Amino acid sequence: MTSRTLAPVLAGLLLGWSGTAAAQHDEFLQFSGQHNLATSTAFPAALGENGERLFINLPSLHVYGGSDFLQLGEAKEILDGGQIPAALVDGVLDRLDRRNYAFAGGEISPLAFGYQFRKKEKELFTLSMTWTEQAAAQLVFGEYLPRVAWEGNAPFAGTRLDLGPIEGNVFLRREFGIGAAFPILSEEKMSMRAGFRTKFFMSSAAAHVRPTQAELFTASDGSQIDYDLLIKAQLAGSSSPNPMAMNGSGVGIDFGTSLRWTNGLSFDVALNDLGYMRYGSKVVTRTFEGERVFEGFELDDPAAGIDKDDIGRFNDYFQTESTPGGSFRTSLGTRLQMRGSYALKAYDIKGRSYDQHAFHLAYVQGFGDAGNSTIQPIITGAYVYTVANVLELGATVGYAYKDVDAGAFFSVRGGPFRFGLGSGDITGLVLNSNKASADASMRMSMAF
Amino acid sequence: MYPAVPYGPPHTKRGRPAAKNPIKTIRMNNGMPTGRRSWTGTLLAAAAVLGLGSCQFAVDEITAPSWQPDILAPIAKSSMEIGDLSQLAVFDASTYVTATHFGVLPGVVGNDAQRRTGVNIGPYTFDWLEDIVGLDAGEATVRLKIKNELPVGVAEGARLVVRQSNTGQAVVSFDLKDDLAAFGRLVDSASFQNVAFVSGLEFWLEDLNVSPEQGEVIDPGMGMQIDAQVEITGIRSVDVASEASLNFSDTTELGIDLVEDLDQYSMDGEFRLKVSNGFPFGGRLTGIFLAADGVTPLDNLSPDPIEIAIPSVGGNGEAVESKETIISIPVDRSRLEMLQNAAFLGFDAEIYAPSSPDVLRANGSRSFDLQLIADFQFTINP
Chain A
270 MTSRTLAPVL
280 AGLLLGWSGT
290 AAAQHDEFLQ
300 FSGQHNLATS
310 TAFPAALGEN
320 GERLFINLPS
330 LHVYGGSDFL
340 QLGEAKEILD
350 GGQIPAALVD
360 GVLDRLDRRN
370 YAFAGGEISP
380 LAFGYQFRKK
390 EKELFTLSMT
400 WTEQAAAQLV
410 FGEYLPRVAW
420 EGNAPFAGTR
430 LDLGPIEGNV
440 FLRREFGIGA
450 AFPILSEEKM
460 SMRAGFRTKF
470 FMSSAAAHVR
480 PTQAELFTAS
490 DGSQIDYDLL
500 IKAQLAGSSS
510 PNPMAMNGSG
520 VGIDFGTSLR
530 WTNGLSFDVA
540 LNDLGYMRYG
550 SKVVTRTFEG
560 ERVFEGFELD
570 DPAAGIDKDD
580 IGRFNDYFQT
590 ESTPGGSFRT
600 SLGTRLQMRG
610 SYALKAYDIK
620 GRSYDQHAFH
630 LAYVQGFGDA
640 GNSTIQPIIT
650 GAYVYTVANV
660 LELGATVGYA
670 YKDVDAGAFF
680 SVRGGPFRFG
690 LGSGDITGLV
700 LNSNKASADA
710 SMRMSMAF
Chain B
299 MYPAVPYGPP
309 HTKRGRPAAK
319 NPIKTIRMNN
329 GMPTGRRSWT
339 GTLLAAAAVL
349 GLGSCQFAVD
359 EITAPSWQPD
369 ILAPIAKSSM
379 EIGDLSQLAV
389 FDASTYVTAT
399 HFGVLPGVVG
409 NDAQRRTGVN
419 IGPYTFDWLE
429 DIVGLDAGEA
439 TVRLKIKNEL
449 PVGVAEGARL
459 VVRQSNTGQA
469 VVSFDLKDDL
479 AAFGRLVDSA
489 SFQNVAFVSG
499 LEFWLEDLNV
509 SPEQGEVIDP
519 GMGMQIDAQV
529 EITGIRSVDV
539 ASEASLNFSD
549 TTELGIDLVE
559 DLDQYSMDGE
569 FRLKVSNGFP
579 FGGRLTGIFL
589 AADGVTPLDN
599 LSPDPIEIAI
609 PSVGGNGEAV
619 ESKETIISIP
629 VDRSRLEMLQ
639 NAAFLGFDAE
649 IYAPSSPDVL
659 RANGSRSFDL
669 QLIADFQFTI
679 NP
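Residue numbers (my numbering), protein chains in the order written: chain A, 270 to 717; chain B, 299 to 680.
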């Protein structure tokens, strides 16, 4: 990667730690009770459960970034000091694990609608139409590739190193969703809903680095280096970026169910982003491959020495191929989301019931590392206090990427209008601690 | 071959000094990278900045620390087998045979000059390397070239015989395919499989049928120039007398253009020359780098003479197993600068055989392997 390419990536990631985003999933929409249409993007069955008839989501935003190896304080140290100290690099390397993550991304929801169809004031079903612009980047790499790059191969002589994984994905895509939710059971003490959302995607650009084979062995005496490399990257639309182009498309579905008990307990479960993206336009597949036991350049005449032509032959030991055309598929980032809640009810001055104290425990489990999803489990506990059915104050504590984080949000309603701000991980920003990620969310909506 | 350790054990890191100089600068303008950028980078930066709002940074450029990787890698290798010893592979013999050897006297060839049959001439000795007492090879090609200055023809049916000098035993022989005309030329050759020679080799030309041409004049001293050659390929073994030694000195021009590339790095470490000697001989090498005038010494190749150890030798004179010798050649900044100025490498070398057994055998199944390994800690400050 050239320095011109590397520079904005590095800068973007560093900026990500300094100001944006923690979890890849918006805690706000998981726990707020005021933005039902947004919440239904996480739990489809929740759509329309608040008794409102018309929903309009105004432009909203969620941005996030983070890693499980570079701490926020270190990122600030780099940005404040203008240099990367060697000790900092050593510290980061000591922290590396088998799989290390860096991610950044954002979602903008320009507009969304929902409407509840009723018969004799009783809900038949609720429909929604959503539009989301998504951008995400995720890099997964092993411990030994950066270590060898920084320390050289000599410290690892005698040990066969697995330099993988080397995985990554980046995408820009537009999501259009049509969702529906409906009651399927309504007992005296318990109700049950089901919901789904079908989604259609257009993507202007994507890059996908397939799981990589990369091994390195250096003999203890340096007499041979064995390597086995196969890196395959598939790119679509990267040569001439145009946000309006459609170089890939995809379909997906979210579905789930919710249970509500009159004693304040509730449980939601959803399987989201079940589907795939297919990129078939402006596709280039790049492979970098090499397998060899290298014992030095073979010299027919040792007295002639080694020259630049010999070094030039080193390129022959690797096959670099760039193949235009073809297509490739990627997962949408399928994940299971669950939420258990307990709420204490209260009544506002108009006599409407609302959850004054709500306690939540949520669990997100992805089935792959793909942009906005991860196989790293994310567990979050939340407490939400609602004042007079107007002001909602929430606090969250989560565990993700081997890191405990805390977040907070508020949302306020005035008539049909609701506005909220929140973050799933603000501790790093507030305490300048060793937190490794941050996120921020802004929601605006109307409901009638 | 090697234990598969998926995620290797903890290792000891070499100490390294604190950062000195930057190696890479990422220029930024108001927190955003400047210049052309990839869409992936733009995407990341945009996503970050969206949530960042109006954050300001104290610096507008980020510098990376100096980078000090420890590199351990093979650089070059070469393998020499006994079959590669081309200097052992060709033996020449050359002689000028006057007319009297064919029973013809100088002067005018009279009408009574008779044809002679069964004439043998020889022996004529091939050159031979001192201290080589035996050779075994997969193939030998014997060539014969005769330039006839005599008015004497040699009819078809003559034979060339190569014999061991000490025993007179014929090793190879072949019949000449053509006749040799008076004042004519003859070139012939034949190849033989699986041949073995001991020291001392000679050739004979036998069963010559000689026909003087009447009326022609033979001056005194006039004769035939005969050149013979034995070229051996696929040498399988070479026998050498004990305590034999071969000394040679030379000066070779250096073409180390890689040094120019290495000059931009600060490096400290050594080149390691790994020698694996499968032959029952030892060696000693002293090298000295010379300036462009070819005279001024700059530095020694190594602090001490390079010694190539002799492997253990069995009763049959063969090396029991290869003997490994590792020679360290320290290289640092000053030595790199010296190499840049060096134009020649002068060297004195000696190859010697041990004192016992009486005959040492270099076997074709063994080799003399050289491998150059680099072990350096670089400090990269471009």
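I should point out that these hints are in silico values taken from the structure, not numbers from a laboratory.
Note that this is a predicted model, so its numbers are computed, not measured.
Do not take every clue at face value.
To be verified - Looking from chain B toward chain A, a few residues come up when the C-beta cut is under 10 Å (computed): (1) Glu-359; (2) Thr-361; (3) Ala-362; (4) Gln-366; (5) Ile-373; (6) Ser-376; (7) Phe-472; (8) Glu-529; (9) Ile-624; (10) Ile-625; (11) Ser-626; (12) Pro-628.
Idealized CB from N, CA, C, for every residue including glycine.
Okay, the hints, checked on the actual structure:
1. Glu-359: 6 Å, holds
2. Thr-361: 4 Å, holds
3. Ala-362: 5 Å, holds
4. Gln-366: With a closest approach of 8 Å, the B/Gln-366 hint holds.
5. Ile-373: Nearest chain A Cβ about 5 Å off; hint holds.
6. Ser-376: 4 Å, holds
7. Phe-472: 34 Å, violated
8. Glu-529: Since chain A brings no Cβ nearer than about 21 Å to B/Glu-529, farther than 10 Å, the hint is violated.
9. Ile-624: For B/Ile-624, the interface hint holds, since the closest Cβ of chain A sits about 8 Å away, which is under 10 Å.
10. Ile-625: 13 Å, violated
11. Ser-626: 12 Å, violated
12. Pro-628: Violated: closest Cβ of chain A sits about 15 Å from B/Pro-628, beyond 10 Å.
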